[in-house]
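Undergrad: Protein sequences appear in the order of chains A and B.
Under the numbering used here, the first residue of the first sequence is numbered 1, with each subsequent residue one higher.
Under the numbering used here, the first residue of the second sequence is numbered 1001, with each subsequent residue one higher.
Rather than coming from a laboratory, the hints here were simulated on the basis of the structure.
Please note: incorrect hints may appear among the correct ones.
Claimed, not checked - SDA-like, lysine to any residue: derived pairs with alpha carbons at most 25 Å apart:
#1 B/Lys1024 - A/Leu360
#2 B/Lys1367 - A/Gln57
#3 A/Lys105 - B/Met1001
#4 B/Lys1024 - A/Asp357
#5 A/Lys119 - B/Ala1070
In this text the structure is predicted, and so the values were computed from the model without any measurement.
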Amino acid sequence: MNESVSIRPHGDGPAVHHERGQRSVFCGLTGIVWLHRKIQDAFFLVVGSRTCAHLIQSAAGVMIFAEPRFATAILDQRDLAGLADVHDELDSVVGRLLERRPDIKLLFLVGSCPSEVIKIDLVRAAQRLNAKHAPKARVISYSGSGIEKTFTEGEDACLAALVPTLPAEPATAAPSLMVVGALADIVEDQFAGLFKDMGVDARFLPARRADAMPAVGPNTRFILAQPFLAETARALEARGARRIAAPYPLGAEGTTLWLKAAAETFDVPAEKFEAAIAPGLARAQMTLARQREKLGGKTIFFFPDSQLEIPLARFLAREVGMKPVDVSTPYLHRALMAEELAMLPAETRLNEGSDVDAQLDRVREKRPDITVCGLGLANPLEAEGLTTKWAIELLFTPIQGYDQAGDLAELFTRPLARRSRLEV
Amino acid sequence: MQLTLWTYEGPPHIGAMRVATGMKGLHFVLHAPQGDTYADLLFTMIERRAERPPVTYTTFQARDLGTDTAEVFKDAARAAYERHHPRAIIVGASCTAELIQDDPGGLAKTLGLPCPVIPLELSAYSRKENWGAAETLYRLARGLAGERRERPARARPLANLLGPTALGFRHRDDIIEITKLLNALGVDVNVTAPMGATPDDLTRLGDADFNVVLYPEVALPAAQYLEKAHGQPYTKTVPIGIGATRDFIAEVRKIANLPETAELPTSNLPWWSRSVDSTYLTGKRVFIFGDGTHVLAAERIAREEIGFDVVGLGTYSREFAREVRERAKLHNIEALITDDYLDVEKAIADAHPELVLGTQMERHISKRLRLPCAVISAPTHVQDFPARYAPQMGFEGANVIFDSWVHPLMMGLEEHLLGMFREDSEFHEHASHLGVSSAPAPAPIPTAAEQPVAAAPTAAAASSPVEPQWTDEATKELKKIPFFVRGKARGNTEKYARERGLTTISVGTLYDAKAHYGR
Ligand code: SF4
Ligand code: SF4
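The task is simple: from the sequences and hints, build the whole structure.
TA: This is the structure:
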């Protein structure tokens, strides 16, 4: 909100506690639920167990019946005993699948804990299948396993696996902007429009279609729209692209700083920048002022979940006046979070990692006004009289950009409003 | 390797969780990767439980694999005991931990925890959820019920209720209903397990005179064990439906040597079903799919108590395949034994039922095929864990079943009538019981060709590019058909014409179609 905030602030933010213990988080397979909707001609085939299939079914809810583009190849006793050659089995499953779904242009083989523990080489399998099915359908692999990936890291692994397959941009190409991270289509369109008004042509990774993925090269500048994309950032840098450091586009301030970082990189004149953002910024500030009345002064506690916790806490603290008392993130990538950390209130207790029992002890002691947590914890905490906001909704709902800033705050207002209404 | 999108059952450790979560004072230490904790939300969201399931997951990660996942397990088990002080612990491995071959049972033993520790072998790659629940209950009964002992002669016999678990379809209310029924018969309930029981309660299982098996999927192995080890007979009839409840009562009386004097509750189903309002239910084509217990019960109710025709019968419980096949023979149909919902979808589409009784999946399939549907079996979603009392078992259960099966049909009929009335001017959408309405004049009545085809909206369009046209005579003839079947007649006729590639519908076509669809 405060225009005068420095875009590359100094200072490292609050001290970080490290926790280790029982983790109550989704595995990286869950990313499939939103990724398959984003890339409209991709199919996600998990190579795993009945547990993996059950997880996706539990996380995907309704979507499971909308002719979804994901499935699980369930390993059985025969595969484990070596009676069946896993690679032959996989080839025939993929063959049948692509025959049945000729609309599929990009097939992801998604590794799981079981496939990794028994060391099924999905990278090789993908190469072999790619040789067989390209160019009709390309085949790429990545891991979404719980032993490797926590929740949103599944998207990171998926996009990082896509990067080596992106078309190469010639070294002589004009500088280009790539926005990285799956965004709701509506948000993507808003951002594309804003950049266009600034005279910058932005492309998005992932694209909505397999054959429209953006090219990458030494003149590519990329900006992360999501904080959990460390591996993808590294893969892009390995192809010569350079990252634009910025806070994440949550809230009016976050969105402004994020856009500004990109605009500065592309030497957008100040008036042009101001003119482009002015209407959106004004709308966001107006809606946030209303939310501030409801949320100002309230304390908030984050369980670790998606790596969105820090930018969310920053937004809630600075733009609607909440007090983040305890913020946990499953992983903290310092370099990618530097701008955010500098803006987080110094008195916030910041934790990396998870020890769910210790966190439960703290939440009971601190009794925050709102607790952001997973679905396995929400009802039990409500039953203890705490107000909760379930975290997964923050991944499924459009929350980035100016025109979603009010909605984002509203996600936190609603549970409080509900609690104050109920008389029984 | 099996390509799967939707699974009717989770992996076996989910079954173990259902047992542990149903009980009190039992803790489950599950060797599993981070991520497998998703299972908590089934209990906290779908069943709306107010506590976390009593499960500690080791949540090992890749970096633990190189070193010592066994240590991770031991730490977690020790910490779980310290924090929760359970009266007993069960330990097991999820699919991934099964592969890394730590032995949870052996490891837990070395810790010397001051409570019974019962190891489970869950066979994640060949078994499923219900088997996991049954195996867990069996291991608990074996581990905790102790030695066979003398039972005193009692004025009122004692029974255990076996089988209800967390996340069971209507288990909460079935317990209440059957407890009431047994009490009315003169039987007291000793232990209900696993739902509501503590490990200490399980040590008293042997005190009962017999066992009531509510859900064979879960309770049968434990009941068979208790019969052998403690000499307790168990009931074979599952009391869902009027006939089955009466048989169950007779069975209990025989096992417990009870006189036939007790005054029992009654049910509305027999009269509701005989009342003339129900005549239209006769011979309605019904398709039934679900777990073995509920499918077998539903088949009997459909056949004997409501008067439906069963045109499809199947189950995803392979353990019940033989019985379900036997029952299917009564209807001259082939039973469908599968856990692939695509097979079920195809079978439903082929059977042309007028009502589908099934699980959550059949609900979705029915929605897609635009068929009325009622849920009779797990897996179900949050709306089938209702706030109100809604048993399936006993006499009140029969009331609930009658209402919930007939309700979607009534709705179906209403919808159908509304669809037909739409073309009669007095039923236009702005008509009001209050007389002349101030609403704007009705929109022009759509012609036959514009009307949505009620009978077969999906199959239709594909078969023929040209819409068959009604001749004037045929249109006149159609108007002579009573209005309440006119819409159906038109839909059927157009479908019939389309399927045969006819471009015009004559009076002859109308009657050919009637003959074709008539039964
Ligand atoms: S944590 Fe591992 S085993 Fe569990 S669902 Fe995720 S990938 Fe599958
Ligand atoms: S739509 Fe609702 S009822 Fe159906 S599976 Fe999804 S969440 Fe369950």
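Undergrad: Hint by hint, note whether the structure agrees.
TA: Now for the hints, and whether the structure bears them out:
A distance of roughly 20 Å separates the Cα atoms of lysine 1024 of chain B and leucine 360 of chain A; the hinted pair therefore holds under the 25 Å criterion. For a cut-off of 25 Å, the pair hint linking lysine 1367 of chain B to glutamine 57 of chain A stands: about 18 Å separates their Cα positions. Only pairs whose Cα atoms come within 25 Å are accepted, and lysine 105 of chain A paired with methionine 1001 of chain B is accepted, the gap being roughly 23 Å. Annotation: proposed proximity of lysine 1024 of chain B to aspartate 357 of chain A holds, straight-line Cα distance about 19 Å (limit 25 Å).
Restraint check for lysine 119 of chain A and alanine 1070 of chain B: the C-alpha separation of about 20 Å stays at or below 25 Å, so the hint holds.
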